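Novice: What follows is the residue order along each chain.
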Amino acid sequence: MALQVSHSPHVRDAATTQSLMRDVIIALLPATFAGWYFFGLRAVLITCLSVLSSIVFEYISRKIMKREQTISDLSAIVTGLLLALNLPPTLPLYMVVIGAFFAIVVVKQFFGGLGNNFINPALGARIFLVIAFPKAMTQWAVRSGAYFTRDALTGADMVSSATPLTLFRSSENLPSISDLFFGNRAGCIGEVCIAALLVGAIYLICRHVIRPVIPFFYLGTFILCVWLFGNTPIYTLFNQDFTTLSAWSNLFYEPCYMLFSGGLILGAFFMATDYVTSPITGKGKMLFGIGCGLFTFLIRYYGNISEGVSFAIIIMNILTPHIDTLTMRRPFGEVKAHEQK
Amino acid sequence: MRSLHAFTGGVHPIGNKNTDVLPSIHLHGFKEVELLLKQHIGPPCTCVVKPGDKVYVGTMIGRAEHPMAVPIHSSVSGTVKEIHYVISANGTPVESVRIESDLREQVDPACCPPLLENKDDFLKMIRDSGLVGLGGAAFPTHIKLNPPADKPPKVLIVNAAECEPYITADYRQICEHPDDIVDGILAVMKYLSIPKTIVGVEDNKPLVTRIFTHELKKHFFKTGTPADIEVKTLKSIYPQGAEKMLIYTLIGKKVPPGKLPLDVGVVVMNVSTLRFIGLYLKEGVPLTRKRVTLDGSALNTPGNFIIPIGAKINDIIEAAGGTSEEPKKIIMGGAMMGVAVDRDDIGIVKPNNAILVFGSKETTLPPESACIRCGRCVASCPMHLMPTGIDQSTRRRDVEGLIKYHVMDCIECGCCTYACPAKRYLTQSIKDGKSLVRKENERIATEKKLLAEKKTEEEGK
Numbered sequence: 003m004a005l006q007v008s009h010s011p012h013v014r015d016a017a018t019t020q021s022l023m024r025d026v027i028i029a030l031l032p033a034t035f036a037g038w039y040f041f042g043l044r045a046v047l048i049t050c051l052s053v054l055s056s057i058v059f060e061y062i063s064r065k066i067m068k069r070e071q072t073i074s075d076l077s078a079i080v081t082g083l084l085l086a087l088n089l090p091p092t093l094p095l096y097m098v099v100i101g102a103f104f105a106i107v108v109v110k111q112f113f114g115g116l117g118n119n120f121i122n123p124a125l126g127a128r129i130f131l132v133i134a135f136p137k138a139m140t141q142w143a144v145r146s147g148a149y150f151t152r153d154a155l156t157g158a159d160m161v162s163s164a165t166p167l168t169l170f171r172s173s174e175n176l177p178s179i180s181d182l183f184f185g186n187r188a189g190c191i192g193e194v195c196i197a198a199l200l201v202g203a204i205y206l207i208c209r210h211v212i213r214p215v216i217p218f219f220y221l222g223t224f225i226l227c228v229w230l231f232g233n234t235p236i237y238t239l240f241n242q243d244f245t246t247l248s249a250w251s252n253l254f255y256e257p258c259y260m261l262f263s264g265g266l267i268l269g270a271f272f273m274a275t276d277y278v279t280s281p282i283t284g285k286g287k288m289l290f291g292i293g294c295g296l297f298t299f300l301i302r303y304y305g306n307i308s309e310g311v312s313f314a315i316i317i318m319n320i321l322t323p324h325i326d327t328l329t330m331r332r333p334f335g336e337v338k339a340h341e342q343k
Numbered sequence: 003m004r005s006l007h008a009f010t011g012g013v014h015p016i017g018n019k020n021t022d023v024l025p026s027i028h029l030h031g032f033k034e035v036e037l038l039l040k041q042h043i044g045p046p047c048t049c050v051v052k053p054g055d056k057v058y059v060g061t062m063i064g065r066a067e068h069p070m071a072v073p074i075h076s077s078v079s080g081t082v083k084e085i086h087y088v089i090s091a092n093g094t095p096v097e098s099v100r101i102e103s104d105l106r107e108q109v110d111p112a113c114c115p116p117l118l119e120n121k122d123d124f125l126k127m128i129r130d131s132g133l134v135g136l137g138g139a140a141f142p143t144h145i146k147l148n149p150p151a152d153k154p155p156k157v158l159i160v161n162a163a164e165c166e167p168y169i170t171a172d173y174r175q176i177c178e179h180p181d182d183i184v185d186g187i188l189a190v191m192k193y194l195s196i197p198k199t200i201v202g203v204e205d206n207k208p209l210v211t212r213i214f215t216h217e218l219k220k221h222f223f224k225t226g227t228p229a230d231i232e233v234k235t236l237k238s239i240y241p242q243g244a245e246k247m248l249i250y251t252l253i254g255k256k257v258p259p260g261k262l263p264l265d266v267g268v269v270v271m272n273v274s275t276l277r278f279i280g281l282y283l284k285e286g287v288p289l290t291r292k293r294v295t296l297d298g299s300a301l302n303t304p305g306n307f308i309i310p311i312g313a314k315i316n317d318i319i320e321a322a323g324g325t326s327e328e329p330k331k332i333i334m335g336g337a338m339m340g341v342a343v344d345r346d347d348i349g350i351v352k353p354n355n356a357i358l359v360f361g362s363k364e365t366t367l368p369p370e371s372a373c374i375r376c377g378r379c380v381a382s383c384p385m386h387l388m389p390t391g392i393d394q395s396t397r398r399r400d401v402e403g404l405i406k407y408h409v410m411d412c413i414e415c416g417c418c419t420y421a422c423p424a425k426r427y428l429t430q431s432i433k434d435g436k437s438l439v440r441k442e443n444e445r446i447a448t449e450k451k452l453l454a455e456k457k458t459e460e461e462g463k
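So the sequence lines, in the order shown, correspond to chains A and B. Residue numbers for the first sequence follow this note's numbering, beginning at 3 and rising by one. Residue numbers for the second sequence follow this note's numbering, beginning at 3 and rising by one.
Accuracy of the hints is not assured; some may be wrong.
[Said to hold, decoys possible] Here are the computed lysine to aspartate or glutamate pairs in the EDC-like style, where the Cα-Cα straight-line distance is at most 20 angstroms:
id, chain 1, residue 1, chain 2, residue 2
1, B, K19, A, D15
2, B, K406, A, E70
3, B, K425, A, E70
4, B, K255, A, E336
5, B, K406, A, E336
6, B, K436, A, E336
7, B, K425, A, E336
8, A, K68, B, E370
9, B, K256, A, D15
10, B, K40, B, D346
11, B, K363, A, D15
These are calculated hints, taken from the structure and not from any lab test. Given the structure is predicted, the values throughout are model-derived calculations rather than measurements.
Could you put the whole structure together from the sequences, leaning on the hints where they help?
Specialist: Have a look at this one:
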């Protein structure tokens with residue numbers, strides 16, 4: 003009789019890396035479909051191309067490096083999907099492939115594959131594309147015309163349009179909050195429909211894939227900053243008559259507008275919570291979220307670039323090892339040195 | 003009643019308490035037992051029998067010479083066949099006595115209920131009975147019950163949490179012998195002058211509270227004096243039964259790293275240990291039989307069995323109903339902390355409370371993949387450590403890093419490994435890391451010693 007000998011514990015939780023990644027993909031699907039709905043066939047094409055080329059690059063690079071294949075952990079699909087959701091729908095296709103190459107090969111595999119990259123691969127690729135192709139990456143458009151036409155596939159029917167954040171700076175033709183919430187506006191494929199993103203976020207939290215610590219502190223810090231240092235600071239609104247609805251809507255207008263425009267919700271729930279590039283302790287996650295919120299606010303209000311969320315998260319990604327060292331946990335029952343008698 | 007849950011961390015493995023409603027069965031007819039001479043923490047006993055000697059149930063065969071050692075008694079009546087070395091479950095060679103049973107199970111006529119007058123008598127009785135902590139750690143009970151004079155215990159905590167999956171032996175113990183348990187508790191309270199006792203039970207065993215309340219009422223009617231014994235329900239979460247977690251949940255005190263429960267005024271005892279004390283006071287037969295949960299998909303009839311210590315696993319499985327399929331993995335102990343054995347002719351020892359016989363359904367050896375830093379190990383660690391950091395330091399052979407991550411505070415509960423989605427063998431790696439730190443400490447100590455010797459030599463010149 004051959005008995006298997008292994009170290010305890012002899013039972014394991016059902017969750018695997020693969021199942022976690024599958025849950026992330028499922029959570030991203032509503033936003034993906036919403037993006038397809040708003041931007042048409044061209045968005046479908048970009049998404050498929052991004053996912054496919056991510057898988058191919060992952061396969062080839064593992065093959066060349068003579069390491070075991072890791073496609074089955076689904077992380078390449080997550081990266082490809084997240085990258086696609088972070089791209090404008092008018093982007094030339096070869097740039098999508100270059101982006102996937104940068105995400106998978108340069109950011110992820112050069113540093114040792116899943117678990118070792120120091121910044122979020124999809125965000126790294128997005129920033130790379132913005133710097134390499136600034137014009138194409140900042141051309142925003144909305145779909146016009148029918149769904150299943152040749153023009154819809156090539157993106158020729160896109161009509162250029164400013165993003166809500168650009169409009170906010172010039173304070174002209176501001177879209178309504180409900181338009182922003184449901185996604186009827188220009189922007190990246192995946193960032194427009196806040197409702198769909200929130201459905202996915204709730205799914206992730208309910209399935210215990212992510213803990214809401216980072217999004218909570220990220221969005222909380224951001225809202226606080228907007229209220230305190232935004233265009234209409236909160237203390238200027240205190241002398242209103244708070245029995246009327248308009249007073250309350252004045253109070254919440256700017257934070258809501260800022261939350262629902264740009265990639266903040268996508269970033270806070272799906273990019274900042276990336277396991278590999280965020281701190282491992284609860285306290286670290288709080289600091290990480292607060293840092294993301296601060297940097298997003300600074301870049302959005304005082305910067306001149308449209309990638310506030312991406313840059314904020316990447317800066318915090320780079321700081322993550324330091325946050326981890328800073329927030330080392332003290333063992334159960336250990337007394338602080340200065341508290342000892 | 004609200005269940006207490008105070009410590010942070012822990013995991014929720016599937017309970018698999020399949021055997022909790024089945025009454026325990028006495029198993030007899032073992033032709034041979036293999037009694038290891040080291041069944042406790044501490045140095046082994048000295049063998050006092052030789053091949054050909056006639057022994058009874060309860061005859062001492064291993065004398066305890068070191069203060070930390072506990073004597074070993076024969077669990078069957080019969081003839082000593084052989085004194086030899088065997089490889090124990092954890093892989094170390096241990097001297098062992100093989101006894102052939104005459105199947106009559108005659109109790110040694112010298113066994114009689116002990117006469118107690120004071121605490122010293124009590125402690126001597128505990129040691130002579132061969133009792134060790136039956137919860138799994140096998141810490142000598144006579145040491146635990148002998149606190150230094152400057153640290154008098156204020157509370158006795160009875161550990162009936164039984165948070166390991168599958169195991170129901172303690173639960174059955176409570177259901178079947180609550181009277182002995184209360185006697186044991188009262189004896190410990192009396193001789194150690196502990197004013198208060200708290201029994202901690204997980205909320206997946208609702209009967210226990212009622213049984214205890216009833217038993218305490220009975221005690222009150224019998225003696226007219228109330229006993230200060232309180233039963234508290236704990237949230238079912240692993241490792242609720244770990245000493246430090248249990249103390250924190252029940253009385254809110256944290257035992258600092260490297261300290262004992264006594265440092266916060268607490269003595270923690272397993273419920274089976276107390277039941278044995280109660281029984282020994284009545285009958286005077288040393289620890290020779292153990293209640294063991296047999297479970298796992300390969301078994302025909304899982305259940306709780308009362309088995310002579312030293313009976314071999316294959317004989318036990320045979321006597322308990324046999325297997326329905328070829329066992330793929332046999333675990334001595336629970337699924338979270340038990341030891342997987344490589345052969346089935348090992349005799350069970352005092353702290354064993356379960357034998358799990360896994361078939362192909364439960365036996366998995368998932369391949370490791372890269373850490374994705376999800377933080378589940380950190381969130382699940384009841385000791386608030388960072389298992390993934392320790393794991394990486396061990397693999398780098400980085401002793402400094404290991405110390406920085408407090409590797410020595412790990413209680414090896416297995417929560418991190420259970421929770422890890424990348425299926426990394428964290429507990430194993432942490433154990434490795436502990437031995438690295440120990441080796442390094444030894445090396446530093448010898449170096450210091452050599453230096454000191456050199457210095458004295460030079461001074462001598």
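Novice: Which hints from the list above does the structure break, by number from lowest to highest?
Specialist: 2, 7 and 9
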